[in-house]
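Undergrad: Read off the chains here:
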Amino acid sequence: MRRLSFFLPSFLLLLLWQAGSVFGWWNAFLLPSPQAVGETFLTLLLNGTLFRHLQASLGRVLVGTGLAFAAGFPLGVFFGLFPRGCAPFLPILDFFRHTPPLALIPLLILWLGIGEASKIAVIILASFFPVFLNTLGGVAACDRKLIEVGRSFGLSRGAIFRTILLPSIFPHVLTGMRLALGFGFRALIGAELVAAASGLGYMIHDAEMLSRSDAVIVGILAIGILGSLLDALVLKVSSRIAPWAFQEDDVHGRP
Amino acid sequence: MDALDIRNLRKEFLFDGGRFPALKGITLSIPAGMFAVFVGKSGCGKTTLLRLVAGLEEPTEGTVGVRGGGAPLRTGIVFQEPRLFPWLTVEENIAFSYRSMGKRPTEETLSALIESLGLTAFRRAHPSRISGGMAQRASLGRTLLYDPDIILMDEPFSALDYFTRAALRDDLLHLWQERRKTVLFVTHDVDEALCLGQRIHVMDRGEVVRIFDVEDDYPRDIASMSGLKREILDAIGNGTCCGAHHAKEKAAEA
Ligand SMILES: Nc1ncnc2c1ncn2[C@@H]1O[C@H](COP(=O)(O)OP(=O)(O)O)[C@@H](O)[C@H]1O
Ligand SMILES: [Mg+2]
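Taken in order, these protein sequences are the chains called A and B.
Okay, so the first sequence: first residue is 1 according to the working numbering, each after it adds one.
Okay, so the second sequence: first residue is 256 according to the working numbering, each after it adds one.
Derived by calculation from the structure, the hints in this document are not laboratory data.
Every value quoted in this text rests on a predicted model; they were computed, and no experiment measured them.
Incorrect hints may appear among the rest.
Where chain B lies over chain A, by a calculated footprint (3+ residues, C-beta under 8 Å) [to be verified]:
no.	stretch
1	150-158
2	166-172
Far from chain A, some chain B residues (derived; all Cβ distances over 10 Å) [to be verified]:
no.	residue
3	Asp472
4	Pro474
5	Arg485
Virtual Cβ for every residue (Gly too), placed ideally from N, Cα, C.
Work the whole structure out from these sequences, hints included.
TA: The structure is reproduced here in structure tokens:
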């Protein structure tokens, strides 16, 4: 029962959409009815178009956020461990953090061409900072008292890093990765503006050109649902491998 | 044979540009296997003393060591808070000193220790799922399994309720009587000192001001020790407080 009520607001929203279409509250061209969207969805699904675009986009998001992680995680750890030495580099990073990845597209195309590289670069730019900043924050928030336990057992710096620091930043890094995936999906449209021939972003652009708002909505729904499913998967896997990170805070006031 | 030899140990902390002596040149030695207690008011330097012995702070002056050189001192500390690793189960926390070196204690050793700590039912629980008393037991177990020459305990039971504290005190005595490790136990509770200490060091403002050797057998009847208790309380002194924060207040008044 809990599950059902969980989806109640989503269901009501759908109902509202349906009602609006039936009673003609808006022009069907501006927002087609759920049936029209459903039919387009089925057509695109059955002729394989949707799946092809989905695959292309998913691949880009996974590669992009994967590379963002490969760069953001070690950099975040490094900046967290040596905050003073790294401080002079923060203005540069701040600059890029405030630059919309889309604004860099013209340059990316110049440098990387119009192939996959520039599309993935846009996704990396969008998803790097969540990983980097959350990792950095995790290192900064790592309980010094736990580090001290390691020291009291005579552990080397390396052992403290492996056995205390890394596990303790795990929840922060996980949050960073989830945000990164979200940012990655949101950057898709921009990334696939670049001379793409596949991808959900491309599909939406294409439908826009043809004034097919039903297909646009199918694309939007596909991105939203795919992103949500992927996030749920990440949560599921990480709660399996690190259940402690998902238990509510202890009730004993321990550090 | 002495387990610990402290000579002219001095520790100054910097604050507001000034220097505050938390320990003012302590010299003492503790025989191997002794249960030594340090008692004194908050801010008198008890924690600082233990942290210096544990090697977590560097002394400003003086030395901590074993008499006549010898192998470096292996100490294990039980902090005031359990400081368990939230990502490890109770059992993994206890075995931490092994895990961190990529080893495992034998199942027999581990189970026996967990049993003697009364944690068998909670072996696989994470720290957020156990009570404060159990967490402090696990923390003690983690240090015991590390098998240090000297066990340092910094008011380990002070955050616990009366009953848990009394129970843990008894458990600690049993464990100590089995293993006869050298223990340095810090407390601000005179009854706890009387209950546990073979030798009670009274500290005041960064110095050990009196030392009492207590011959009574365990378990002790505190009620019959009121004479000694009086003496200890007198030695502790009746100033309101001591320490840097007090010095700071004084400086502010001036
Ligand atoms: N890291 C530190 N920096 C500055 N002052 C400190 C520090 N640690 C302890 N002190 C001061 O040294 C004194 C002794 O502290 P501590 O050893 O913690 O006392 P106790 O454990 O007996 O309560 C206190 O006045 C405290 O304020
Ligand atoms: Mg203290």
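Undergrad: Of the hints stated earlier, which fail here?
TA: none
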